[in-house]
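Colleague: Given next are the chains, with one letter for each unit.
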Amino acid sequence: QSALTQPPSVSGSPGQSVTISCTGTSSDVGSYNRVSWYQQSPGTAPKLLIYEVTNRPSGVPDRFSGSKSGNTASLTISGLQAEDEADYYCSSYTSRDTWVFGGGTKLTVL
Amino acid sequence: QVQLVQSGAEVKKPGASVKVSCKASGYTFTDWYMHWVRQAPGQGLEWMGRIHPNSGATIYAQKFQDRFTMTRDTSISTAYMELSRLRSDDTAVYYCARDGHKWNFDYWGQGTLVTVSS
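Chains C and R, in that order, give the protein sequences. If you read the first sequence in the numbering used here, its first letter stands for residue 1, the second for the next number, and so on. If you read the second sequence in the numbering used here, its first letter stands for residue 1001, the second for the next number, and so on.
Among the clues, some could well be false.
[To be verified] If you anchor each label on the Cβ, the simulated ranges turn out as follows:
#: 1; chain 1: R; residue 1: 1015; chain 2: C; residue 2: 79; range: 47 to 53 Å
#: 2; chain 1: R; residue 1: 1087; chain 2: C; residue 2: 16; range: 39 to 45 Å
#: 3; chain 1: R; residue 1: 1041; chain 2: C; residue 2: 5; range: 19 to 25 Å
#: 4; chain 1: C; residue 1: 108; chain 2: R; residue 2: 1110; range: 21 to 27 Å
#: 5; chain 1: C; residue 1: 13; chain 2: R; residue 2: 1075; range: 33 to 39 Å
#: 6; chain 1: C; residue 1: 27; chain 2: R; residue 2: 1102; range: 16 to 22 Å
#: 7; chain 1: C; residue 1: 31; chain 2: R; residue 2: 1115; range: 34 to 40 Å
#: 8; chain 1: C; residue 1: 19; chain 2: R; residue 2: 1009; range: 18 to 24 Å
#: 9; chain 1: C; residue 1: 16; chain 2: R; residue 2: 1101; range: 30 to 36 Å
#: 10; chain 1: R; residue 1: 1087; chain 2: C; residue 2: 58; range: 27 to 33 Å
#: 11; chain 1: C; residue 1: 27; chain 2: R; residue 2: 1113; range: 28 to 34 Å
#: 12; chain 1: C; residue 1: 54; chain 2: R; residue 2: 1043; range: 26 to 32 Å
[Stated by the list, open to error] Quick look at which bits of chain R chain C covers, simulated, 3 or more residues with Cβ under 8 Å:
#: 13; stretch: 1072-1083
#: 14; stretch: 1103-1111
To be clear, the hints were calculated from the coordinates, so they are not data collected in a lab. Beta carbons are placed, not taken as given, at the ideal position from N, Cα and C, and that holds for glycine.
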């Protein structure tokens, strides 16, 4: 199972919005609304941000939102803050009853 | 509150095996699947497998099927992963992560660094 495709890096200034894409196939992202997103700061475990494409766990700011079109899911962070600087990973359930992650995207807040 | 506490760092020689534990608390251990995910230094996350603590049923990523084993001890709410025939490219932080019942990983252990070096 190949990893989902994410851009290696994105950047934005405080207050701006950025979008991170996550491209899979018809065997994973395209077939299921079972995409989740994680934020990982250096030296820490990942933290769940978005699940089932669009849902936020309690405590996650509404600045974080998710969407999907075809085989590509997206995470949008609006009103960028310095504390958002981190690595972001998408994940999808697959038709083989397994899970696959994206390669990760490093967000830099300028 | 939900907590997953993993065992400490390990240093192993190539060809050896390593076993990592993940003790769960704050919820009913047998009601939630547990996943294992690893992250090599400077690299991304890699899903390894999932176990149902109640039945012991497992699903493995094809890449690890021949040398990766997940088990559990329900009496102490602890999940285990064992990786055998270690290679240098198995050097990574290994995480346990609870399945959130919504196709996600809602709680994560702190990670266990496994270093494979001769």
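Colleague: Evaluate each hint against the coordinates.
Modeller: Consistency of the hints with the structure:
no., hint, verdict
1, R:1015 with C:79: 47 to 53 Å, "51 Å, holds"
2, R:1087 with C:16: 39 to 45 Å, "43 Å, holds"
3, R:1041 with C:5: 19 to 25 Å, "22 Å, holds"
4, C:108 with R:1110: 21 to 27 Å, "26 Å, holds"
5, C:13 with R:1075: 33 to 39 Å, "53 Å, violated"
6, C:27 with R:1102: 16 to 22 Å, "20 Å, holds"
7, C:31 with R:1115: 34 to 40 Å, "38 Å, holds"
8, C:19 with R:1009: 18 to 24 Å, "37 Å, violated"
9, C:16 with R:1101: 30 to 36 Å, "35 Å, holds"
10, R:1087 with C:58: 27 to 33 Å, "41 Å, violated"
11, C:27 with R:1113: 28 to 34 Å, "32 Å, holds"
12, C:54 with R:1043: 26 to 32 Å, "28 Å, holds"
13, 1072-1083, "violated (count 0)"
14, 1103-1111, "holds (count 8)"
Comparing the model with each earlier hint shows violations of hints 5, 8, 10, 13; every other hint is respected.
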